[in-house]
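Participant: For the protein sequence lines, the chains are G and B, in the order given.
Using numbering that gives the first Met the number 0, read the first sequence as starting at 0 and increasing by one per residue.
Using numbering that gives the first Met the number 0, read the second sequence as starting at 0 and increasing by one per residue.
Rather than coming from a laboratory, the hints here were simulated on the basis of the structure.
Hints should not be assumed to be uniformly reliable.
Claimed, not checked - One side only, chain G facing chain B, incomplete, derived with CB under 8 angstroms:
#1 Ile3
#2 Gln43
#3 Gly45
#4 Cys46
#5 Phe96
#6 Cys100
#7 Leu114
#8 Ala127
#9 Thr138
#10 Gly139
#11 Pro142
#12 Leu144
Note that the Cβ used here is the ideal one computed from N, Cα and C, for glycine as well.
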Amino acid sequence: MSAITVSFTLNGRATTLTVSPATTLLTALREHAQLTATKAGCSQGGCGSCTVLVNGEPTLACLTPLAHVEGQEVTTLEGITPVGGLHPLQKAFYDRFAAQCGYCTPGMIMAAKALLDRNPHPTREEIAAALSGNLCRCTGYLPILDAVEDVARQNGGGER
Amino acid sequence: MAKVRGRGIASVSYPTGMNLGGDPTQALVFCQPTGGFSVKLASTDLGQGLKTVIQQIAAETLGVPLESVVVDTGDTDSAPHCMGTFASRGTHRVGNAVIMAAQEARRALLEVAAEELEASPDDLDISDGVISVRGVPDRTLSVFDAALAAHFKYGRTISGRGIYLKPKSTVDPETGACDPDSTVAHATTVADVEVDTETGEVTVLRLASAYEVGRQINPAMVEGQIAGGAVMGMAHALMETVYPEYPALRPHAHNLSDYLLPTTMDLPEISSVVLEYPSSNGPYGVKGVGEMTANSPIPAIINAIHDAIGVWITELPVTPEKVLRALKERDAAQSAATAAD
Ligand code: FES
Ligand code: FES
């Protein structure tokens, strides 16, 4: 079977993967790069659990062919987690009990990071809008919104 | 045409567990030479926090710090049988089995410690990982040292087996009487809704609930179950359905655009209070909370819709189409009644 070779920056590191042509970024991350934080909730663009950043933009890895990230910068949850510590969003999710089964959590955190990078002090409504493409079956979303709002408040925003 | 508001209330008495020919769960507990305990369960944590509450229950029963307990779940090859995570039975059934197993392990630990401390096992206490002789505060031994001695000096295991069985209850053929459940938890939800009589859309503004769940092992996780269940209940009332596929052989939607789920943009205000009336047969008085949290919001919302527009919707979910059709029938019936006058 023919294969393609794709070179891109993955969590700050130059990375080259050789995969079959139709491989998605999601499969490449989980099965070729062994980075399993990114979750396959539906694998068809409906749930947001596979959200990663491509050049800082929230992107559904399940709908993105790996070939499309040639030369681009891909960031996953692993890439924002400091060694031996937690990203402020991870800490806030932990403090607020914002995960139950945890399937939505990596996608939620990456979508929230994209929002905070572009708007460091969003309102609660802006947070809800930014996360509206990410489904959560367990938490009822409230602790997730609270967690992101906590980080927004640390940045000087988040008022209702 | 307007937006009209209504309020509804509904209660649920929720039986923990079920009884299809008996409802058992087993657990194994063993101690490593490090003094760390391992709990082996086939039971699965779906995200409700079973692993955490079991860690708490095992640590409490053994008298060791939380960090000394590892809970290993979900492998039916390497752990004894559990009926499963459903019917809010996890904490109740698994917790009881783990208490039984932990008590047996604790006795084995105390028997070794009794040799080391030259005391009777009945005179020993364990607290925070330290074994002491009652009334003699300076005669102590760490669980670590006792575990080391058991393994390397006495050649003994520190382990325990536990099972909880809700026995099969037969149904009295005359009266239909049976005893299927172990304990009953309770909840009441008040829902405030707004119905748009032009579009038929229902917005849930507020869900306020009171839950009586027996003893709470972990109040933060109980609150998490309640908030998540409130939104799931709202979704059952207004959005989620297996139709039109059901009752086809593969009764499922094909993707998440066929099956509506609530998002961050659909949230009502949610508040709850928790009351604790411990059960007589749950681990430390637990009843259970999981599944019931999605129950009472549904009839409360339906009642609130009736309060708002005066019609009963009798089929879930309450889609805008159903509301508009019901309003049309109501208005037709009203004008027919006026015409007859
Ligand atoms: S897995 Fe990509 S959107 Fe669901
Ligand atoms: S925590 Fe389970 S889906 Fe969000």
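Participant: Take the hints in turn and mark each one as holding or not.
Facilitator: Quick rundown of the hints versus the structure:
no. : hint   : in the structure
1   : Ile3   : violated, 27 angstroms
2   : Gln43  : holds, 5 angstroms
3   : Gly45  : holds, 3 angstroms
4   : Cys46  : holds, 6 angstroms
5   : Phe96  : holds, 5 angstroms
6   : Cys100 : holds, 3 angstroms
7   : Leu114 : violated, 12 angstroms
8   : Ala127 : holds, 4 angstroms
9   : Thr138 : holds, 5 angstroms
10  : Gly139 : holds, 4 angstroms
11  : Pro142 : holds, 7 angstroms
12  : Leu144 : holds, 6 angstroms
When the structure is compared with the earlier hints, violations turn up for hints 1, 7 and for no others.
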